[in-house]
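Visitor: With the sequences and hints as input, model every part of the structure.
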Amino acid sequence: MNAANFVRQSWVLLTQRYLRQLYRQPAFIGITLTQPVIWLLLFGALFKNVAEIPGFGGGNYITYLTPGVVIMTALFSASWTGMSYIEDMNTGIMDRFLTAPVPRGVLISATLAYQAVTTVVQSAIIIAIGWGIGATFPGGAWGIAALIAVSVLLALAMAGLSNGLALLSRQRETLIAASTTLVMPLTFLSGAFLSLHLVPGWIAATARYNPVNWAASAGREAIGAHPPWGTIGAYAGFLVAALLVTAAMSTRAFRLAQR
Amino acid sequence: MTGTAAGATAAGTAAADGQAAGTTAHAAHAPGTTGTGGAGPAAAVAAEGLRKVYKSRAGEVCALDGLGFSVVAGSVFALLGPNGAGKTTTVRILTTLTRPDAGRVTVAGIDVLKSPGRVRSVIGAVGQSSGALADLTGYENLALQASMNRMRGAGLRRRVADLLEQFGLAEAARRQVRTYSGGMRRRLDVATALVHSPAVLFLDEPTTGLDPEGRAELWTLLTGLAAQAGTTILVTTHYLDEADQFAARIAIVDRGRIVAEGTSDQLKAGLQGDSVVLELAAAGQVPRAEAALARLAQVRHVTANRAVLRARVADGPRALPAVLAGLEAAGVPVLSVTVARPSLDDVYLHHAGRSFRQAEGITVS
Chain R
0 MNAANFVRQS
10 WVLLTQRYLR
20 QLYRQPAFIG
30 ITLTQPVIWL
40 LLFGALFKNV
50 AEIPGFGGGN
60 YITYLTPGVV
70 IMTALFSASW
80 TGMSYIEDMN
90 TGIMDRFLTA
100 PVPRGVLISA
110 TLAYQAVTTV
120 VQSAIIIAIG
130 WGIGATFPGG
140 AWGIAALIAV
150 SVLLALAMAG
160 LSNGLALLSR
170 QRETLIAAST
180 TLVMPLTFLS
190 GAFLSLHLVP
200 GWIAATARYN
210 PVNWAASAGR
220 EAIGAHPPWG
230 TIGAYAGFLV
240 AALLVTAAMS
250 TRAFRLAQR
Chain F
0 MTGTAAGATA
10 AGTAAADGQA
20 AGTTAHAAHA
30 PGTTGTGGAG
40 PAAAVAAEGL
50 RKVYKSRAGE
60 VCALDGLGFS
70 VVAGSVFALL
80 GPNGAGKTTT
90 VRILTTLTRP
100 DAGRVTVAGI
110 DVLKSPGRVR
120 SVIGAVGQSS
130 GALADLTGYE
140 NLALQASMNR
150 MRGAGLRRRV
160 ADLLEQFGLA
170 EAARRQVRTY
180 SGGMRRRLDV
190 ATALVHSPAV
200 LFLDEPTTGL
210 DPEGRAELWT
220 LLTGLAAQAG
230 TTILVTTHYL
240 DEADQFAARI
250 AIVDRGRIVA
260 EGTSDQLKAG
270 LQGDSVVLEL
280 AAAGQVPRAE
290 AALARLAQVR
300 HVTANRAVLR
310 ARVADGPRAL
320 PAVLAGLEAA
330 GVPVLSVTVA
340 RPSLDDVYLH
350 HAGRSFRQAE
360 GITVS
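Chains R and F supply the protein sequences, listed in that same order.
Each residue of the first sequence is one higher than the one before, starting from 0 at the first, in numbering that gives the first Met the number 0.
Each residue of the second sequence is one higher than the one before, starting from 0 at the first, in numbering that gives the first Met the number 0.
No lab work stands behind these hints: they were computed from the structure.
Every residue, glycine too, gets a C-beta built ideally from N, C-alpha and C.
Be aware that a few hints might be false.
[As the list claims (entries may be wrong)] To spell it out: a stretch of chain F is covered by chain R in this simulated footprint if at least three of its residues, at any positions, have a beta carbon under 8 Å from a beta carbon of chain R; those stretches are:
no., segment
1, 90-97
2, 116-122
3, 132-144
Guide: Written as structure tokens, this is what we have:
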């Protein structure tokens, strides 16, 4: 009963608030979809010959790049999740929901659900464009589904962190600074754009503990010819753990923010 | 002593009716029940010994310093005080948004600190800034709130339609809130807070920023709500005239404490006296006039604002000849004189030791 109610209230907030607001901002949708296309075309052209470097394993760079851009886009857009809380706190909207008979967890789960929905759509579109410009997906539909799934897991972990930072700092500037300092290094300390065989040893070593690398590696393996499901599952497990940690953190931040 | 006993009884009765109030909140699902609810005989607010200190780098600010009061069910109660007096902090505590450092609070008989979740289902809250989602329509804002309150289907649609009608928003229902005027937004905020027919409605400075017409409209709605639906309404305001005109009872808040409480008439009667308001020809004559008035036995207290003096006396008409004679003897010409029954400003002045306007000027919100 309680769990059903929790799900229902989260669903209401997701559909009747967040998705509706998104739908009313066509310009925002346009820009968020254009961005990954630019990454894909830009990096694709820039690193075209990278795939021929010995150690890369040959093959098509667009095929290598597409899961990287999927993961990076999921990370980037999730890092702004907390902005919505800051907006709500600066207006009376947060207080409106906090005084309504709604569990705090619903306010968190609705933003996470929203992030999940947008990430699925974004990832699917990037994969389609990647395919359009020459990426191949020997792993088939299951591989693509797994790539989208890990992109969602990473997005949720990042969204939890972003929400927590937003609730604690309550300042747009702080969240922007924190997100930008975090997101770029996380992306480039991973195998998102370059094979880890080609990067300096310390980067490869750091990448092993980087959730972005877990997601990128799992996603890339999944769309390959013979997906090692055990390894992919392990990476997914790590991502779930990261997600639980940041979700717990943002729930705790909610309580602190209410002093 | 009697006051304390009455307060305790009110809270006790409310406790017994807490369940009833909760039931009313859910009754709105059922098709056919479209009433504004909150019809339970006792939904009260009781606060006792509230303390709250905000710590910041600049030091400690004591927002509440032993504040306490109680509200009789089904009435309009105003917390009146200058900006920074502690009104908002009080409302935030009562609506579960903040916890006090010390003190006890019950709303509709429910302990706010122990069961905030249960309190939320029997209260509605309107904050200082609008909680409306600007890119949703008025209808969508209300429907969202209703769905969050577990309403659905025909019951939900009827409740939302009724509220839109009641708050004069039916025509604007399908427009995005960003196109609304300030007054419309405020009315939507109140309607949103009433979706689940709460027993107690809290409003923090609801009329700030509204034009006189908007203020009057909102007050008509609020007083009607208390009279017809029996909703208990707690409003904070720093407008003396509003509290005077519309609130059944007023508590004057100053520096985190209640300094006086009662009906407007009781508060004024408590001063036991009138004001003689004297307009002098020039502000420069004020000191001489003050000295002359101070010599008169009838005059208790004198305050000056530019060239206008207010002298507190027990009985205005009787004291008037002596006051005028005294000033004439001192050689101070008087342009006009009026005898005024005490105003709420006088009440505030008496209890807080400074005029309301002064307090507004020197405190930060």
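Visitor: Run every hint past the structure and note whether it holds.
Guide: Hints, one by one, checked against the model:
| no. | hint | in the structure |
| --- | --- | --- |
| 1 | 90-97 | holds (count 4) |
| 2 | 116-122 | holds (count 4) |
| 3 | 132-144 | holds (count 7) |
The structure fails none of the hints (numbered hints given earlier).
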